[in-house]
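Protein chains: 2
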Amino acid sequence: MAKSIAVAGVTGAVGQEFLKVLADRNFPFSKIKMLASERSAGKTIEFKGKTYTVELLSEDSFEDVDIALFSAGGARSKQFAPAAVAAGAVVVDNSSAFRMDPDTPLVVPEVNPEDVTQHKGIIANPNCSTIIMVVPIWPIHKVNPIKRIVVSTYQAASGAGAKAMQELIDQSRDVLDEREVRKEALPHQIAFNLFSHNSDIGPEGYCEEEMKMVHETRKMFHCPQLAITATTIRVPVLRAHSEAINLELTNPMSPDEVREILSKAPGIKIVDDRQGNYFPMPLDASGKDDMLVGRIRQDISRSDGRGIDLFVSGDQLRKGAALNAVQIAELLV
Amino acid sequence: MAKSIAVAGVTGAVGQEFLKVLADRNFPFSKIKMLASERSAGKTIEFKGKTYTVELLSEDSFEDVDIALFSAGGARSKQFAPAAVAAGAVVVDNSSAFRMDPDTPLVVPEVNPEDVTQHKGIIANPNCSTIIMVVPIWPIHKVNPIKRIVVSTYQAASGAGAKAMQELIDQSRDVLDEREVRKEALPHQIAFNLFSHNSDIGPEGYCEEEMKMVHETRKMFHCPQLAITATTIRVPVLRAHSEAINLELTNPMSPDEVREILSKAPGIKIVDDRQGNYFPMPLDASGKDDMLVGRIRQDISRSDGRGIDLFVSGDQLRKGAALNAVQIAELLV
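Residue numbers (the numbering used here), protein chains in the order written: chain A, 1 to 333; chain B, 1001 to 1333.
Incorrect hints may have been included.
[Said to hold, decoys possible] Some chain A residues judged to face chain B by a derived CB distance under 8 Å, without partners named:
(1) 19
(2) 20
(3) 204
(4) 208
(5) 227
(6) 270
(7) 271
(8) 283
(9) 311
[Claimed, not checked] Computed list of lysine to any residue pairs in SDA-like fashion (alpha-carbon distance at most 25 Å, straight line):
(10) A:142 with B:1302
(11) B:1147 with A:248
(12) A:147 with B:1300
(13) B:1269 with B:1148
(14) A:142 with A:119
(15) A:78 with A:200
(16) B:1269 with B:1173
(17) A:147 with A:257
(18) A:288 with B:1214
(19) A:269 with A:140
(20) B:1264 with A:204
(21) B:1183 with A:254
(22) B:1050 with B:1078
(23) A:147 with B:1253
(24) B:1033 with B:1073
(25) B:1142 with A:302
(26) A:20 with A:109
(27) B:1183 with A:274
(28) A:20 with A:147
(29) A:183 with B:1033
(30) A:142 with A:78
(31) B:1288 with A:30
(32) B:1050 with B:1162
(33) B:1020 with A:175
(34) A:163 with B:1238
(35) B:1147 with A:288
(36) A:183 with B:1142
Since the hints were made in silico from the structure, they are not lab data. Positions of the beta carbon are idealized from the N, C-alpha and C atoms, including for glycine.
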């Protein structure tokens, strides 16, 4: 059962989380290769009591590798994933490079685990905002198909990598100490501020992050017509994303029915204490595997009982990236 | 023309902003009385080159006062506004105490200035989240009536007062210096976190802040049936609120038409640079009078062309509170 694995992009924020998740879940591996770009090759990494030297990610990195976990950016995935597949590895890729490729399954294990079997060497991990949305809405969709989604996100700095997390910390100090704020990882000040996700804006005025939520959800749900509008916003939070989700369902459904469905669904913890005014918060979701789901209520703007509002927080690095990829790898074992 | 004015709650975050706005706009006053509760009475305040002593807010405070600007909390408004009216003053009240009273006009000068004339001594200033939403959507509604609104807010600490702003600063330092975080003004950690607005949750699962957005918008628009669902979230930003607004209109309308309408509307600055990826940010809105409006796009989840998405940032203390109240006072002069 134990597999020879490789982690490409191991020194990044998601790469580091890959290692934590592999250790936490006791993933059965016989060997593990730590791979990264030139900047990080030669560094050492402690993992499960052993010291590893980071090797340069190259086309020759994948001999005898069974499963390669990639989180080294889209360009490196495009360059090196085919070499990994040619060497006999199955790639679980966290970048956007292959997500919409018809030959590449896009998988959230709580949603469409069966799609893993269709792979031709590469399985794609969805975008973090998509994962955090689909885990709580899929169980509802199975019972009462979703017709339309209006979603607004509150996305943590971690989604832009370890440098953006550090930039949030550095800028916060700069603001508190009344120094000029320096911007490198992110185009706008993130400390005590927020801004529209800075991916490119397409012809319809939606940014790439928003269109990922649209296209990836449709692909995983096998619902090419599912109606979705998204507004994606970066907020000064370190590592968990939150989302305000408004659902239009096919049939009327009460909040109690939704709560009942979600209480039995995998990967979800209901945090919905109206009396105590305690609901999902990114601080509580950070470092946790479960999506926190709350503010479950009937949409009062609809008189037909077919609207449900939710608020969700989920760890971007964990379920939004590393955990989901390792869960996919577990499906392969 | 010059009026004798009083500012009740002058030492609070909004009270201080009242003074700035009165000075900035050269509001014509003959006398100004600084009023606050026992905790602040006796303090001195510099205003337009003169030193004022803060007097205790009481039922006897309003002799010879023409206009009283109140921002001392709902309980004090309920206690002292009737005395001010009895003494002959017109009260512009920033609290929620009288907003839904049928005898009290609720006014945003860009939306329903004519309602001011209906007052019986008190005019209410809407909730900040409501003001920031209605300024950009009213000009659209006038041309193409809005049928339904789905709104998610990103609300600054200032909405919970000066103490909450200080708490965001103090907690941010505590987190950066790895000290335990202290909570007093807000029930949950706000630094590097966010949470559902902590007003009481009603029977339908909506918090008071959300229901204010529903009821106040309906009242000002004179549309008792307008369908609105809101999710209100407090974010670690100091003083400007942002809102992701999804509109269902009566008739199809293009983003260009919306942009054209908003470019001529008062109190709005369009910030919608798709190529430069520059959109409304609370940092840019802070201290400004205009609502910043951007991310104007057709809602791709609707095939009938009747959906529009917007993202708005507006200063909570200024247009969200003090500026709007002073604009109401200007309508009275």
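Taking the hints in turn, this is what the structure says about them:
{"no.": "1", "hint": "19", "in the structure": "23 Å, violated"}
{"no.": "2", "hint": "20", "in the structure": "20 Å, violated"}
{"no.": "3", "hint": "204", "in the structure": "6 Å, holds"}
{"no.": "4", "hint": "208", "in the structure": "11 Å, violated"}
{"no.": "5", "hint": "227", "in the structure": "4 Å, holds"}
{"no.": "6", "hint": "270", "in the structure": "13 Å, violated"}
{"no.": "7", "hint": "271", "in the structure": "10 Å, violated"}
{"no.": "8", "hint": "283", "in the structure": "4 Å, holds"}
{"no.": "9", "hint": "311", "in the structure": "6 Å, holds"}
{"no.": "10", "hint": "A:142 with B:1302", "in the structure": "22 Å, holds"}
{"no.": "11", "hint": "B:1147 with A:248", "in the structure": "16 Å, holds"}
{"no.": "12", "hint": "A:147 with B:1300", "in the structure": "13 Å, holds"}
{"no.": "13", "hint": "B:1269 with B:1148", "in the structure": "24 Å, holds"}
{"no.": "14", "hint": "A:142 with A:119", "in the structure": "24 Å, holds"}
{"no.": "15", "hint": "A:78 with A:200", "in the structure": "20 Å, holds"}
{"no.": "16", "hint": "B:1269 with B:1173", "in the structure": "34 Å, violated"}
{"no.": "17", "hint": "A:147 with A:257", "in the structure": "18 Å, holds"}
{"no.": "18", "hint": "A:288 with B:1214", "in the structure": "35 Å, violated"}
{"no.": "19", "hint": "A:269 with A:140", "in the structure": "15 Å, holds"}
{"no.": "20", "hint": "B:1264 with A:204", "in the structure": "23 Å, holds"}
{"no.": "21", "hint": "B:1183 with A:254", "in the structure": "35 Å, violated"}
{"no.": "22", "hint": "B:1050 with B:1078", "in the structure": "31 Å, violated"}
{"no.": "23", "hint": "A:147 with B:1253", "in the structure": "22 Å, holds"}
{"no.": "24", "hint": "B:1033 with B:1073", "in the structure": "18 Å, holds"}
{"no.": "25", "hint": "B:1142 with A:302", "in the structure": "22 Å, holds"}
{"no.": "26", "hint": "A:20 with A:109", "in the structure": "19 Å, holds"}
{"no.": "27", "hint": "B:1183 with A:274", "in the structure": "20 Å, holds"}
{"no.": "28", "hint": "A:20 with A:147", "in the structure": "37 Å, violated"}
{"no.": "29", "hint": "A:183 with B:1033", "in the structure": "45 Å, violated"}
{"no.": "30", "hint": "A:142 with A:78", "in the structure": "34 Å, violated"}
{"no.": "31", "hint": "B:1288 with A:30", "in the structure": "61 Å, violated"}
{"no.": "32", "hint": "B:1050 with B:1162", "in the structure": "24 Å, holds"}
{"no.": "33", "hint": "B:1020 with A:175", "in the structure": "23 Å, holds"}
{"no.": "34", "hint": "A:163 with B:1238", "in the structure": "24 Å, holds"}
{"no.": "35", "hint": "B:1147 with A:288", "in the structure": "40 Å, violated"}
{"no.": "36", "hint": "A:183 with B:1142", "in the structure": "41 Å, violated"}
Hints 1, 2, 4, 6, 7, 16, 18, 21, 22, 28, 29, 30, 31, 35, 36 from the list above are not met by this structure, while the remaining hints are.
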